Structure formats: structure tokens, C-alpha cells
Amino acid sequence: MAVKDSSVSRRQFMALTGGSAAAAAFLAACGSDDDSGSTAADTTMSEMGGGDSETAQFGKGDLGIVNYALTLEYLEAAFYADVVKSGLFKDAELKAIEKFGREEAEHVEALTQAAKALGGKPAPEPKTEFPLENAKAVVELAGTVENLGAAAYLGQAANIQSPEVLASALAIHSVEGRHAATLNGMLGLPITPDGAFAKPADAATVLESVEPFIVG
Amino acid sequence: MTQQELAHPELAGIQVDEDSGDLSRSEVILKGALAAGAVYGTFMVGPFVRKALAMTDGGDVDILNFALTLEYLETKFYEEAKSRAGAKGELKSLIDLIAKDEKQHVEALTATIKQLGGKPVAEPKFDFPYSDTAGFLKLAQTFEDTGVSAYNGAGPAIKSKDVLAAAGSIVQVEARHAAAIRIQNGEEPSPDAFDPPLDEAQVLKAVEPFLA
Numbered sequence: 001m002a003v004k005d006s007s008v009s010r011r012q013f014m015a016l017t018g019g020s021a022a023a024a025a026f027l028a029a030c031g032s033d034d035d036s037g038s039t040a041a042d043t044t045m046s047e048m049g050g051g052d053s054e055t056a057q058f059g060k061g062d063l064g065i066v067n068y069a070l071t072l073e074y075l076e077a078a079f080y081a082d083v084v085k086s087g088l089f090k091d092a093e094l095k096a097i098e099k100f101g102r103e104e105a106e107h108v109e110a111l112t113q114a115a116k117a118l119g120g121k122p123a124p125e126p127k128t129e130f131p132l133e134n135a136k137a138v139v140e141l142a143g144t145v146e147n148l149g150a151a152a153y154l155g156q157a158a159n160i161q162s163p164e165v166l167a168s169a170l171a172i173h174s175v176e177g178r179h180a181a182t183l184n185g186m187l188g189l190p191i192t193p194d195g196a197f198a199k200p201a202d203a204a205t206v207l208e209s210v211e212p213f214i215v216g
Numbered sequence: 001m002t003q004q005e006l007a008h009p010e011l012a013g014i015q016v017d018e019d020s021g022d023l024s025r026s027e028v029i030l031k032g033a034l035a036a037g038a039v040y041g042t043f044m045v046g047p048f049v050r051k052a053l054a055m056t057d058g059g060d061v062d063i064l065n066f067a068l069t070l071e072y073l074e075t076k077f078y079e080e081a082k083s084r085a086g087a088k089g090e091l092k093s094l095i096d097l098i099a100k101d102e103k104q105h106v107e108a109l110t111a112t113i114k115q116l117g118g119k120p121v122a123e124p125k126f127d128f129p130y131s132d133t134a135g136f137l138k139l140a141q142t143f144e145d146t147g148v149s150a151y152n153g154a155g156p157a158i159k160s161k162d163v164l165a166a167a168g169s170i171v172q173v174e175a176r177h178a179a180a181i182r183i184q185n186g187e188e189p190s191p192d193a194f195d196p197p198l199d200e201a202q203v204l205k206a207v208e209p210f211l212a
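Protein chains in written order, with my numbering: chain U, 1 to 216; chain E, 1 to 212.
To be clear, the hints were calculated from the coordinates, so they are not data collected in a lab.
Just so it is clear, the structure is predicted and the values come from calculations on it, not from any experiment.
Glycine included, each C-beta is placed from N, C-alpha and C at the ideal position.
Check each hint, because a few of them may be wrong.
[Unchecked claim] Okay, the calculated beta carbon distance ranges per label pair:
| id | chain 1 | residue 1 | chain 2 | residue 2 | range |
| --- | --- | --- | --- | --- | --- |
| 1 | E | Lys92 | U | Gly216 | 46 to 52 Å |
| 2 | U | Ile214 | E | Gly135 | 43 to 49 Å |
| 3 | E | Asp132 | U | Ala92 | 25 to 31 Å |
[Claimed, not checked] DSSO-like cross-link-like pairs, simulated, lysine-lysine; straight-line CA separation at most 30 Å:
| id | chain 1 | residue 1 | chain 2 | residue 2 |
| --- | --- | --- | --- | --- |
| 4 | E | Lys159 | U | Lys60 |
| 5 | E | Lys159 | U | Lys99 |
| 6 | E | Lys138 | E | Lys159 |
| 7 | E | Lys161 | U | Lys121 |
| 8 | E | Lys138 | U | Lys95 |
[As the list claims (entries may be wrong)] A short, non-exhaustive set of chain U residues, derived as facing chain E with CB atoms under 10 Å:
| id | residue |
| --- | --- |
| 9 | Ala56 |
| 10 | Gln57 |
| 11 | Phe58 |
| 12 | Ala96 |
| 13 | Glu109 |
| 14 | Gly155 |
| 15 | Leu166 |
| 16 | Leu170 |
| 17 | Ala171 |
Chain E on its own, in the form it takes in the complex (with noise of 0.2 Å):
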């Protein structure tokens, strides 16, 4: 995927190649899932989802790694911003809020794999591309609306119920910064009634241009 693609903050279009080899057959139905979702609501795909989501069982430990190097990529990619961006005003007290309640995020994310006896993952490198504040707004609905669809996918997976009362208030503040990325972009605060949930290998995908 070219990131000129990944750009584009239509989720549900990002691609899932049926030829790759490292993609299942659940992950290929998803996508039609996600489409039909537009049209029919989101209960009605949900025994689509959860035949998507039945192919990771890694418990929740992987799930919160996962999380966290979602987060990881928000909080580096907000931090650098506050010199990068060319944010002024109102986008700059914006970024400060962000980067912020995504340090946040990192924090809990870590501290909870440890009390589960799991090990963190590492940071990752990033390399962020763009130039300018238009540039860094693009990127920024991308992370945000990615990582709404993202919680929201992994959700109904999540074993205790905990960390899933946890997830859920996290992915509640990732909307809410999706939504006001997306004001200053001049885009809808809420593309779509239902915020269509994406598999780990679709996020990955979506992420992965990103980790240098």
C-alpha cells in the first residue's frame, strides 16, 4: 500500500489483497462486512466480525501490545508535531491535548501488560511523512480513525472484562480526537452512524509504512 493511499480517510477502502498470501479467507470476508455495514448497520455484520476476529488468539496481553504500539505511533507522531506540524492557535493547543492523553494511553497500556504478567513491547522507530500542516492533518485523521477502528474491532475479542471497560474508555478519547482532527480538516466529525472495527492484520497493514 502507497501511503498516498493510506492518506485517504475512507477505512473501510483501505486494501485487502485476496492474492496475498498472508491474508485469510475471515479477513478477505471482512471487507465485504465492512461495506455491507455502510448499508445495513453493524449488527448485522457482526457474525462476519467475529469470524475475522476468531483468527487472533493471542489473549489479551497480544492485544494490548498491539494497542500500545498503536498508541506508541500516536504519542511520537503528536510529540514531534509540536515542532513539525507548523500548527498555530488553535491546532497547536489541539496537538498539546493529544499528545498528551496519548503519553496517557502508553502508560496505562504498559503498566496493565504488567499486571497481567505479560512484557511490553518495545517502542518502535517511526518516520513520518510530511511536510506540511495540511500534511500532518492528513496523517493525523488517518492514526485517529484507524485507531477507533482498530479498539473497535479488537473489542469483542478481549477476554476480561476489565480491560475491555478500559479499551472501551480509551477508544472513547481516540473518537473524540478523531472528530476534532477531522473539524480542523474540514471534513464530517463522524463519517459514517457506525464506526466500522478493523482486524489486527488490516491495522498492521495500515500502520506498517510508517515503522522505519
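Isolated chain U (complex conformation) (with noise of 0.2 Å):
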């Protein structure tokens, strides 16, 4: 992921998300066309479910889901929390960055809980590094990983077996719709950068995106 390329974001998360057979199936049948419709939702029903093996290194089933998930949380907690302490930002926007960055926060805390209620450990915190270098490349990258985080939660909602897992995961995954929106809005870019139908992105191609951030 090219953070520093000052274009990155729709396309970039365009690119990486339409990686994934899935997303490119149901970008193929939805697309933004008005008249798609009942063509949408029917390949919208058979192409969107499966499973994901990729977050069995996680652990396994529910576990292995919420433990990616956490670990998705974990980088976005801490991305918010370098990028308050970076001082790039100030007054309103400096307010809201540590707003989502609090909310990220109790993600993490949930998805803990979580994890221990399943009678598994939860996955560790990841050793984090984000390029910092200006306020705008900050807000593109917040935006980048906001859109992927979104999808990433839709990637996994049929997969999730425990009802009390997806009741949690469901309301985490429409608050990233929330914040990914918001921060569309501030680079001036769709708010819905999928049309009506948001695109998921499996576990290998959301891992492969975060993983330059990861360094330990």
C-alpha cells in the first residue's frame, strides 16, 4: 500500500478490495449502474457468502474471527493514539481524531472480552509504525484503513457462528461504516465509495494491506 502517494484511498482501497473474488463479483453485479438492480441482489445472494480460512491462524471459528478482528482494532487504536501524540492536528479535528480513536479503544476492549467469553486468549497487540509525515497523508491513511476495516468486518459476517458474536461484531462494523464515511468526507471523496452496496474484503487481502504497518 502505497501510503504516501498522495492519491491513495478510493482507488488504493478500490484496488485492494476488488483483489478479493468476492468483491470483484459483487462490484461486477452491483456496480453503480441505477438500473442493476434485481440483477444486484442476485448475485449478490449467491456470491457473498463462504468461508475465509485465513483467520484460523487466529484460532479457530469464532475465535480465530474475533482475534483477527482485535488485532484490526489494536492497529487502529493505535494509529489514532501515535497520530494525537504526532501534534499535527489541533482544535476540532484533533477532537475528533481522539474521538475515533477512543471508540477503536473500547473495539479492542469488547473484542477481548470477547475472545476470554469464547474461552480462547486473546490475540496479542501488534508492534505498530505509521508513516506520520503530514496532516493530509495522516487523514488518506485514517481513510484508507477505516474503508479496509469496514470491509473487513463485512467480510467476515457470515461466517460468524455465535449469534452473541455477530450482535457485537454488527455494531462495531457500522460505526467503522461511520468513521470511514466521515473521513471520505474530509478528503472529499464519496462517502460511499461502493455505491449502495458496500463491498467486503476477505481476511488475506485486508492482512496483506495492514501488513506493512506491523513490525513486530
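Using the supplied hints, reconstruct the complex from the two chains, each of which is provided in its own coordinate frame.
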């Protein structure tokens, strides 16, 4: 992910999610064509399910999904904490960043509890490093990360077995969507970059995208 | 519930009247669970959410028809707003965008219900009481936040994984609309770290006053 590229975000994010077969099929089905409604639904219903063995490295079944999400939330929380410390933002912008950061930290807490409730060991906090050169690049990176996060939850929803875990994941997923739309708005990008139907991203795609920020 | 109460953005504050004969005990529990969720995080309240959801077991077609009713409401609301809300510039573009998205949700849900062998509900008649841009925005925020919570509440009751994935793809778009509308209202785009789920009875209660 070329985070230093000033045109990062929508184009880049599209390229990222476009790499997944399910996302590509869904994109092809839905497109942004006004007249594609019925076709969209037909294909949506058959293309969007399916398993995701990639989360198995974090644990079996729901525990793997929860720990995968926990890893992403740790990453988001660390990112916002670093941004706050960077001194690149103040006043209203700083307040918004702090608020998003607090919400990600709450997601970390809830998912840690969820992993324990499933009888598992919560994933460890990864050591992260983010390029924080200037305010614009940081907001662009935030937009990329939030859009990716929302797509990551969407990609797992149908794989979750426990209704409790699903209820929690859904409650977090839409908040990630709110964050993503807010940042897209700040960047002058479409608030719904995928049109009327948000595209999922599978774990392999997501992990590959965040890999450059994990240093240990 | 009066319209004034409905315009209040705090969904968790939607009144569940314990004395009302048409509400079960689980719904009352859900209200408490929502308040608890704000403090402890949604996972902790999961069992309560499931209890509340267990009472509606009409199958995926019923859930989709319920969603379709909400999408009909939103579509009509934004279509009307194009000429009624007195919006200009950025807000006008936002209304056009949301209207287009909601219309596609209606089409997709209608097609899906038919695909599952069900009968899509007819479009209800609506009445939206507002007279200026501020009034429009207040209602828009209620509808979008309610829409997000309705899908989140229904999610765990959906049986088909394909339907669940599609509902997820729609709810994320509703959440994005909600954030954009809240910003137009000068509110925080995400009021809480967790979007609370609402059950069918609560959602119906919230939108009932707008059914003509």
C-alpha cells in the first residue's frame, strides 16, 4: 500500500478490495448502475457468503474471527494514538481523531472480552509503525484504514456462528462505516465509495494491506 | 410516542412502555440491555439481544419485508426532500446520493424476497412532518440511525448466510449515510463506539407515526 501517494484512498482501496474474488463478483453485479437492482440482488445472494480460512491462524472458528478483528482494532487504536501524539492536528480535528481513537479502544476492549468469553486467548497487541509525515497523508491513511476495517467486518459477518459474536461484530461494523464515511467526506471522496452496496474484503486481502504497518 | 420524542437522536431513549400489552418481557429486557451496552460494550449484552430476537421467528422473508418497508420509507423521504427540504449545495448533493442508494436497496430487497419465493410488501403511504431544512435533517438522522439499528438488530436472526451478507452490505451504507447526515446536523458522526441493535417492535414504534 503506497501510503505516501497523495491519491491513496478510494482508488487504492478499490484496487485492494477488487483483488478478492467475492468483492469483484459483487462489484460486477452491483456496479453503480441504477438499473442493476434486480441483477445485483440475484448475484449478491449467491456470491457473498463463503468461508474464510485465513482467520484460522488467529484461532478456530469464531475465536479466530474475533482475534483477527482484535488485531485490526489494536492497529486502528495504535494509529490514532500515534496521530494524537504527532502534534499534526489541533482543535476540532484533534477532538474528532481522539474520539475515533477512543471508540477503537472500546472495540479492543469488547473484542478482548469476547475472545475470553469464547474460552480463548485474546490476540496479542501487535507492534505497529505508521508513516505520519503530514496532516493530509495522515487523514488519507486514516480513510484507507477505516474503509478497509469496515470491509473486513463485512467480509466476516456471514462466517460468524455465534449470535452474540455476530451482534457485537455488527454493532462495531456500522461504527467503522461511520468513521470511514466521515474521513471520506473530509478528503472530498464519495461517502459511499462502493455505491449502494458496500463491498466486503476477505482476511487475506486485509492482512496483506496492513502488513506494512506491523513491525513485530 | 410523539413526533417530538422521535426526533430525538438518542435511539436508546426510545420509550418501551412496560405496561403496554403488546410488548413482551424480552423487549423490556432489551431496553435495559441497550443501556448496559453503552457502558460495557455490546458483547456483554449479546445474550439479552438474542432473547429479544428469539421472539420474532418469521424467517428471512419476513425480515427482508421489514427491511423493505424501512427502505420504502427512506426512499420516499429523500425523493420528496429533493423538492421539499430547501437544501442547497453539499446537502442537496447528499440528498440526491442517498435517494439513489435507498432506491437500489428497495430494488435489491424486492428481488431477493421474490427469489426466496416470498411476496414483497406493497409500498406504504407516508407522511413526513417537517417544514424546513432543519426539520428535514432531524428526521433524516432519526431514520438513518434507526435503519442502522434495525439491520443490526435483525442480523443475528437471519438464517441464510447470503441474505446476512447482503444485509451487512446495506447496513454499512446506511451507517455511512447516518454519519454524513449527523455531520450536517452538527452532531458527532458516531455517537457511540457500538451502534445499538433495535428489535422489530421498537423500530415499528419509531416509524409508525410516519405511516399515513
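Here is how each hint holds up against the structure:
In this structure the hint that lysine 92 of chain E and glycine 216 of chain U lie 46 to 52 Å apart at CB holds, the actual value being about 49 Å. For the hinted restraint 43 to 49 Å between isoleucine 214 of chain U and glycine 135 of chain E, the CB-CB distance of approximately 48 Å keeps it satisfied. At roughly 26 Å, the beta-carbon separation of aspartate 132 of chain E and alanine 92 of chain U lies within the given 25 to 31 Å, and the hint holds. Simply put, lysine 159 of chain E and lysine 60 of chain U have alpha-carbon atoms about 22 Å apart, close enough for the 30 Å limit, and the pair holds.
A distance of roughly 35 Å separates the Cα atoms of lysine 159 of chain E and lysine 99 of chain U; the hinted pair therefore is violated under the 30 Å criterion. Between the alpha carbons of lysine 138 of chain E and lysine 159 of chain E the distance comes to roughly 34 Å, so the proposed pair goes past 30 Å and is violated. For a cut-off of 30 Å, the pair hint linking lysine 161 of chain E to lysine 121 of chain U stands: about 27 Å separates their Cα positions. Under the criterion of a C-alpha separation no larger than 30 Å, the hint pairing lysine 138 of chain E with lysine 95 of chain U is consistent with the structure, at around 24 Å.
Of the supplied interface hints, the one on alanine 56 of chain U is violated, with its beta-carbon coming no nearer than about 18 Å to a beta-carbon of chain E, more than 10 Å. Of the supplied interface hints, the one on glutamine 57 of chain U is violated, with its beta-carbon coming no nearer than about 22 Å to a beta-carbon of chain E, more than 10 Å. Restraint check, phenylalanine 58 of chain U versus chain E: the minimum CB separation of about 17 Å is more than 10 Å; hint violated. Restraint check, alanine 96 of chain U versus chain E: the minimum CB separation of about 8 Å is within 10 Å; hint holds.
Because the closest C-beta pair between glutamate 109 of chain U and chain E is about 6 Å apart, less than 10 Å, the hint holds. Because the beta carbon of glycine 155 of chain U sits about 9 Å from the nearest beta carbon in chain E, less than 10 Å, this interface hint is met. Residue-level restraint check for leucine 166 of chain U holds (minimum Cβ-Cβ distance to chain E is 5 Å; threshold 10 Å). For leucine 170 of chain U, the interface hint holds, the least distance from its beta-carbon to any beta-carbon of chain E being 4 Å, beneath 10 Å.
Hint on alanine 171 of chain U holds. Least Cβ distance to chain E is approximately 4 Å, under the 10 Å limit.
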